[in-house]
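Sequences listed follow chains A and B, in order. Residue numbering for the first sequence follows my numbering, beginning at 3 and increasing consecutively. Residue numbering for the second sequence follows my numbering, beginning at 3 and increasing consecutively.
Simulated from the structure, these hints should not be mistaken for lab results. It should be emphasised that the depicted structure is a prediction, and the values quoted were computed from it without experimental measurement. Treat the hints with care, as some may be off.
Same chains, same names: a pair is fine if it fits in one copy or spans any two.
What the hints assert, rightly or not - Simulated pairs of lysine-lysine, DSS-like, Cα-Cα distance not exceeding 25 angstroms:
no. : residue 1 : residue 2
1   : Lys63     : Lys319
2   : Lys169    : Lys297
3   : Lys389    : Lys63
4   : Lys169    : Lys319
5   : Lys4      : Lys373
6   : Lys169    : Lys4
7   : Lys373    : Lys389
8   : Lys169    : Lys380
9   : Lys63     : Lys373
10  : Lys169    : Lys389
11  : Lys169    : Lys373
12  : Lys4      : Lys380
13  : Lys63     : Lys297
14  : Lys169    : Lys63
15  : Lys297    : Lys389
16  : Lys297    : Lys380
17  : Lys319    : Lys4
18  : Lys319    : Lys389
Number of protein chains: 2
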Amino acid sequence: MKVLVLGGDGFCGWPTSLHLSELGHDVSIVDNLSRREIDLELEVESLTPIRPIGERIRVWKELSGRQIGFVHLDLAEEYDRFESLLRAERPDAVVHFGEQRAAPYSMRSTIAKRYTIDNNVRGTHNVLAGIVASGLDIQVVHLGTMGVYGYGWSGSAPIPEGYLTVKVPTPDGDIEREILHPSNPGSVYHLSKTLDQLLFAFYCANDQLRITDLHQGIVWGTQTPQTSLDERLINRFDYDGDYGTVLNRFLMQAAIGHPLTVHGTGGQTRAFIHIRDTVRCVQLALENAPDRGDKVMVLNQVTETYRVRDLAALLSKLTGVEVANLPNPRREAAENDLNVSRDQFLELGLDPTYLSEGLLEEVREIALRYKDRADTTKIIARSVWRKGMETSPDLMRS
Amino acid sequence: MKVLVLGGDGFCGWPTSLHLSELGHDVSIVDNLSRREIDLELEVESLTPIRPIGERIRVWKELSGRQIGFVHLDLAEEYDRFESLLRAERPDAVVHFGEQRAAPYSMRSTIAKRYTIDNNVRGTHNVLAGIVASGLDIQVVHLGTMGVYGYGWSGSAPIPEGYLTVKVPTPDGDIEREILHPSNPGSVYHLSKTLDQLLFAFYCANDQLRITDLHQGIVWGTQTPQTSLDERLINRFDYDGDYGTVLNRFLMQAAIGHPLTVHGTGGQTRAFIHIRDTVRCVQLALENAPDRGDKVMVLNQVTETYRVRDLAALLSKLTGVEVANLPNPRREAAENDLNVSRDQFLELGLDPTYLSEGLLEEVREIALRYKDRADTTKIIARSVWRKGMETSPDLMRS
């Protein structure tokens, strides 16, 4: 299968590209290297020493004998080149990771809000419009987010996989209707993915595109079997206040003896998935495409849920590092339960990596190994959801 | 009240600007003149001889003594200038008409699809982000569309004004939830307005912006008391296949003896409103703003509904012109009923202009008066919803 991986240089995109290449697919990465540019803007680096994309691809070729292509292209800004690429390459599928992916970054400034909406919506729309224009039957697998659903909306019912059947009152009694789960985004980033959903629904209905939207939880972990082969293939690991996701941030904090930063009460329950399962889920989505004329296939890409303060307590117990309760810069419920349907991936054969297995490996192989690369002035979250909200000072001297 | 009218040179924006100025408000128009540029692109002109915006404003000043400001600015492309304008002008409200507004145009080509999404979503998001950045409490009144709801979705229940209370099944029994009416857009244009709705919901929740979204039906008619004062103030009248709305197109066809072009069976029921009521509805929305912290106020801006073939039959009977049934270039139900809630505007005091009163005036004052300006090669709709769909040849020689 010929696959274009949009955003294939990023945290999920790179290990996915290697995994699909390992499986024998003909993979080309399309990326504008924006994630590396944002590192420059934020004056922070991946905890792990990632190499330039050209070197990554060269090393993979040396080790595996497999060639991955690379096209430096901005999906939002360079539509014509993208359409030409589709016509020239005639891929069977595009896997679309090519979006700004951090909630705190998306709330950081007016520029960041605008970049997130403009880049993500235009990029996704260009992908869809380009496929229609090409006239080719190209499957789309897109990385969505659990954050489109919001938290606590559906009472004791588990969050469904995309669709919800509700009863609508009419003069003739209630009628049943299947709806896309109402969106309740908690940041401009999550908002951008709720806009994507509407784009997918329209292009699926009007043009019969075959689209799978993966509503992923918070990814943790760093390495996959392929990225572990050589240090030059290592995946990125973000720990900073804007891009670091909660569990990886805790791991790194534990490794350097920094207090584990819990925002608010830590009563937020979130869904998690290991990066090794992310790449397998994308594979399963590619292998189980919807048919032409089907609605958008939505899968919840999560394997377990944890309350943030429970995660912090677990790490604290394992490592002896204390927990620090900081002000919450987000506008969100202080406490929420979370019950997520995730039957489809289990039925498709996913065998998850659970926290209980992978956590110590992660501390040892990544956080402890690269802890000297950490910049402790970048750990505290500084982006606030509304002007004037409080943030914490740095908790540790460099 | 100081009001910026975004898109104030367009079909709805110009008469609204004059109406608000007449009421004594301090009005400035912000427009990139894109509607006039699209006329150049499509090689078609308004049936009515509209004057340049500078002349329009000068004549209004001469006749009324009132000054309307004008800023030539692209909302999607010139964010920094827009934010500066908000800080300098400190308006009490912005009325946002600044979007590409035609469904057929939005389906015309890949370029037009991309322009519609990019322009409309970025423009609307820039308005919201700019207001938040300014720190000012600026009310937003936005022109939405009835097309966000789709047709026939809610059975015998009338389409509500924005929100719908549904029952969600849970293990503990059904729970009631109020949701934004699920969106069912019929074109990329309508899709862009469903994206706007999600932007509004987020900025309302996160930043407590005060936003009113007006889901308007198909506008007919041309003149308001202000635009009628002098021919140099005349409003635009679009009759072409891309921008002409169905009733105005019929009026013009009747005037020149062109067959009345009905697509498909004409069984589509649509909602209508006269341009005179549009401007009054915007006034009422400005005068009845939501409070900070309220959800987005959604009003259905329609006054009556008609089935397309019934409208054609009415015009045919009035004028003797025959009806032509052409292939339908849209992907839509051949027949639909339409029952729309519109209580809020009636409660706020709207006294509608009905078709039965205004139709003959419109034929006489506009269609017959300017019929020699019609280009009969521009009447037939040529934009199709999917490649390969059939369209009609021209029905009349120039």
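Hint check results:
In this assembly of identical chains, Lys63 and Lys319 lie within 25 angstroms of each other by CA distance neither inside one copy nor across copies; the values are 42 angstroms within and 76 angstroms between. For a Cα distance limit of 25 angstroms, the shortest separation of Lys169 from Lys297 qualifies both inside one copy, at 20 angstroms, and across copies, at 23 angstroms. Taking identical chains as interchangeable, the C-alpha atoms of Lys389 and Lys63 are never at most 25 angstroms apart, the minima being 48 angstroms within one chain and 41 angstroms between chains. Taking the closest pair of Cα atoms, Lys169 and Lys319 never come within 25 angstroms of each other, the shortest separation being 47 angstroms inside a single copy and 43 angstroms across copies.
When the C-alpha separation of Lys4 and Lys373 is checked against a cutoff of 25 angstroms, the pair qualifies neither within a copy, at 38 angstroms, nor between copies, at 56 angstroms. In this homomeric assembly, Lys169 and Lys4 never come within 25 angstroms of each other (Cα to Cα): the closest approach is 43 angstroms inside a single copy and 44 angstroms across copies. For the identical chains of this complex, Lys373 and Lys389 are neighbours neither inside a copy (33 angstroms) nor across copies (56 angstroms), given an alpha-carbon limit of 25 angstroms. Taking the closest pair of Cα atoms, Lys169 and Lys380 never come within 25 angstroms of each other, the shortest separation being 48 angstroms inside a single copy and 45 angstroms across copies.
Neither within a single protomer nor between protomers do Lys63 and Lys373 lie at most 25 angstroms apart by alpha-carbon distance, with minima of 29 angstroms and 70 angstroms respectively. Taking identical chains as interchangeable, the C-alpha atoms of Lys169 and Lys389 are never at most 25 angstroms apart, the minima being 40 angstroms within one chain and 36 angstroms between chains. Neither within a single protomer nor between protomers do Lys169 and Lys373 lie at most 25 angstroms apart by alpha-carbon distance, with minima of 53 angstroms and 51 angstroms respectively. For the homomeric pair Lys4 and Lys380, neither the shortest alpha-carbon distance inside one copy (39 angstroms) nor that between copies (44 angstroms) is at most 25 angstroms.
With identical chains, the CA atoms of Lys63 and Lys297 are never at most 25 angstroms apart, being 38 angstroms at best within one copy and 55 angstroms at best between copies. Taking the shortest alpha-carbon separations for Lys169 and Lys63, neither the intra-copy value of 55 angstroms nor the inter-copy value of 55 angstroms comes in at or below 25 angstroms. Taking the shortest alpha-carbon separations for Lys297 and Lys389, only the inter-copy value of 20 angstroms comes in at or below 25 angstroms, while the best intra-copy value is 40 angstroms. Taking identical chains as interchangeable, the C-alpha atoms of Lys297 and Lys380 are never at most 25 angstroms apart, the minima being 43 angstroms within one chain and 36 angstroms between chains.
Taking CA atoms no more than 25 angstroms apart as the test, Lys319 paired with Lys4 passes in neither setting, with 46 angstroms inside one copy and 60 angstroms between copies. Taking the shortest alpha-carbon separations for Lys319 and Lys389, neither the intra-copy value of 36 angstroms nor the inter-copy value of 62 angstroms comes in at or below 25 angstroms.
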